[in-house]
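*Asks:* Given chain A, work out where chain B with the ligand should sit, using these hints.
Residue numbers (numbering that gives the first Met the number 0), protein chains in the order written: chain A, 0 to 269; chain B, 0 to 246.
Source of the hints: derived by calculation from the structure; they are not laboratory data. Be aware that one or more of the hints could be misleading.
Stated by the list, open to error - With a Cα cut of at most 27 Å, we get these calculated DSS-like pairs of lysine-lysine:
1. A:K255 - B:K5
2. B:K185 - B:K233
3. A:K60 - B:K5
4. A:K253 - B:K7
5. B:K7 - A:K243
6. A:K63 - B:K20
7. A:K253 - B:K20
8. A:K253 - B:K233
9. A:K253 - B:K29
10. B:K16 - A:K63
11. A:K60 - B:K233
12. B:K233 - A:K255
13. A:K253 - B:K2
14. B:K7 - A:K63
15. A:K253 - B:K5
Stated by the list, open to error - The calculated label-pair distances, taken between Cβ atoms and stated as ranges, are:
16. B:S225 - A:Y239: 37 to 43 Å
17. B:K2 - A:F68: 26 to 32 Å
18. A:A158 - B:G49: 54 to 60 Å
19. B:Q18 - A:E45: 34 to 40 Å
We put the beta carbon where it would ideally sit given N, CA and C, even for glycine.
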Amino acid sequence: MAKIKLPPVPSNPLSSPKRPGKEYGPSGARGHAAEAGVSAVDWIDERTSLSGGLRWAMFRKVPKGTNWFYTLGSATMFAFLSQAVTGVFLAMYYDPSATRAYESIQYINNNVFLGEFVHGMHRWGSSVMVILIFLHMGRTFFFGAYKYPRELNWVIGVALLVMTMTMSFSGYLLPFDQRSYWATIVGVNINGTGPLVGPYLSEFLRAGPYFGATTLSRFYAIHMLMVPGAIAALMGFHLYLVAKLGTTAPPWIKAKGPEKLSEEKVTVEA
Amino acid sequence: MNKQQKEKYLRDYGTLKSQGKPFFPYAVAKDSAMAMVVMAVIIAMSIVLGAELGPKADPTSTTYTPRPEWYFFFLFELLRVIKPPALVQLATIGVPTICLILLFLLPFYDRGPERRPERRPIATTAGIFVIGAIGYLTYLGAAAGPPTQIDIPVPANVVSQGPTAVANYKAGEQVVAQSGCAACHKFGENGNSGPGPALTKVGARLPAQAIQRTLLNPSAPMPSFSALSEQSPKQFAQMVGFLAALK
Ligand code: HEM
Numbered sequence: 000m001a002k003i004k005l006p007p008v009p010s011n012p013l014s015s016p017k018r019p020g021k022e023y024g025p026s027g028a029r030g031h032a033a034e035a036g037v038s039a040v041d042w043i044d045e046r047t048s049l050s051g052g053l054r055w056a057m058f059r060k061v062p063k064g065t066n067w068f069y070t071l072g073s074a075t076m077f078a079f080l081s082q083a084v085t086g087v088f089l090a091m092y093y094d095p096s097a098t099r100a101y102e103s104i105q106y107i108n109n110n111v112f113l114g115e116f117v118h119g120m121h122r123w124g125s126s127v128m129v130i131l132i133f134l135h136m137g138r139t140f141f142f143g144a145y146k147y148p149r150e151l152n153w154v155i156g157v158a159l160l161v162m163t164m165t166m167s168f169s170g171y172l173l174p175f176d177q178r179s180y181w182a183t184i185v186g187v188n189i190n191g192t193g194p195l196v197g198p199y200l201s202e203f204l205r206a207g208p209y210f211g212a213t214t215l216s217r218f219y220a221i222h223m224l225m226v227p228g229a230i231a232a233l234m235g236f237h238l239y240l241v242a243k244l245g246t247t248a249p250p251w252i253k254a255k256g257p258e259k260l261s262e263e264k265v266t267v268e269a
Numbered sequence: 000m001n002k003q004q005k006e007k008y009l010r011d012y013g014t015l016k017s018q019g020k021p022f023f024p025y026a027v028a029k030d031s032a033m034a035m036v037v038m039a040v041i042i043a044m045s046i047v048l049g050a051e052l053g054p055k056a057d058p059t060s061t062t063y064t065p066r067p068e069w070y071f072f073f074l075f076e077l078l079r080v081i082k083p084p085a086l087v088q089l090a091t092i093g094v095p096t097i098c099l100i101l102l103f104l105l106p107f108y109d110r111g112p113e114r115r116p117e118r119r120p121i122a123t124t125a126g127i128f129v130i131g132a133i134g135y136l137t138y139l140g141a142a143a144g145p146p147t148q149i150d151i152p153v154p155a156n157v158v159s160q161g162p163t164a165v166a167n168y169k170a171g172e173q174v175v176a177q178s179g180c181a182a183c184h185k186f187g188e189n190g191n192s193g194p195g196p197a198l199t200k201v202g203a204r205l206p207a208q209a210i211q212r213t214l215l216n217p218s219a220p221m222p223s224f225s226a227l228s229e230q231s232p233k234q235f236a237q238m239v240g241f242l243a244a245l246k
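Next up, chain A with everything else stripped away, as it sits in the complex:
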């Protein structure tokens, strides 16, 4: 078989020119160490291309006139994160059984280092989150931010509101004191009066026809796995849409178009 001769390849056509001095670029162990962070990020980015998305999310522009009311959404998210972190802490000690739940919370309050403090942050954080979510909803309502093209973001927001209330409802039972026990019984009974799904819903919540031993672990699973997972997923979608569509400008701000640009005088230096 005849071999085709390869054309001569120029020696390394793409190599960059040699750096003129030692002070440029990594040289020696110290130089490489100094560049380690950059090259680690480069390494990840070469394989994931995440930097494009990050740049897209972080350096998008926020319209003129954006004010403090626009921080309510991220404040809600922050309250949720605080609930997640303090919740993990509580979950390390909590025991969702009807006989041990109350004592495990008592143990957190009395024996765990900073236990009552973190428990208190979780309890009052829920109120803060509910207040913030209502304020955020009020802001988007009065600013007309639910209108085209952000309709879907409103719908997702209402779902987030319902799930946040579900979190409060399911969490209220967990300390298993008198107040939480009886309030939850009445709450579940109220759900039971609903048409069609009502009785099934309250049976599902109670894990049976009566309030029993498994009710508490069911509430716990709803409270710490099911609903927060759904909230995190929907929150991600909500934020993606915010970045994609951009936040609204305050409704009273008028767009002054490029006329202004054309009015600008250009002086040419002689």
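*Replies:* For chain B with the ligand alone, kept in the frame of chain A given last:
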């Protein structure tokens, strides 16, 4: 919004956006400042208000107040405002469900191009009305008295039966008061008028057996007292006796 209005909106928005500032670091800085405030408020509330526990849950104990967390007060109060028993379903499920559907579908029936609140009189009025209503109901819920006190004068027919009957009546009154029935029922001057019917004169309406049946098998949202009847039949009987004597 028709196609033309949509295009105008997107054009105007594009202009405003291009004149704005980048999200990082400007909006991020504001958001972070707000996050600090939120954190500080949560920490302060935790330190000041603590996280105390009440007495342990006890299905047989009768000293409880079925009170929800404060941000559910407005839903709970709805049960009191809408009193007729035929409408209870409406209050428990109907009104909240309808409001929720209206909330979900808002962007689909309010499609006008106008966004300034003062030029959307219907939306703005409705919004303020809803906030006012929720605020008022929350206030009502917070102001509702502790439902553990009942003073009804001993009925004459009980007095005429002698001191044992009066003692039994008093004991039953105590059980009923401690059971928190007054959270949802009115007893003379005490208690809340709803969600349940007034019990000032139940004895005249229902015989003791019917009262007992209701206590064991109530219609929602009332909790059942079957646990009490099993654990402490004497108290349960006193409870029924007291209620049946209210004429
Ligand atoms: C877990 C709850 C929620 C989180 C973490 C959240 C987060 C956010 C964030 C960070 C923004 C960016 C602009 C801003 O902060 O104002 C936003 C925008 C928005 N949110 Fe939410 N939100 C939540 C719940 C809701 C609810 C309950 C609604 C309404 C029912 C809603 C409707 C909207 C709308 C329409 C926008 C677009 C606003 C605009 O572009 O000006 N969100 N959300």
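*Asks:* Out of the numbered hints, which ones does the structure contradict?
*Replies:* 8, 11, 12, 16, 18
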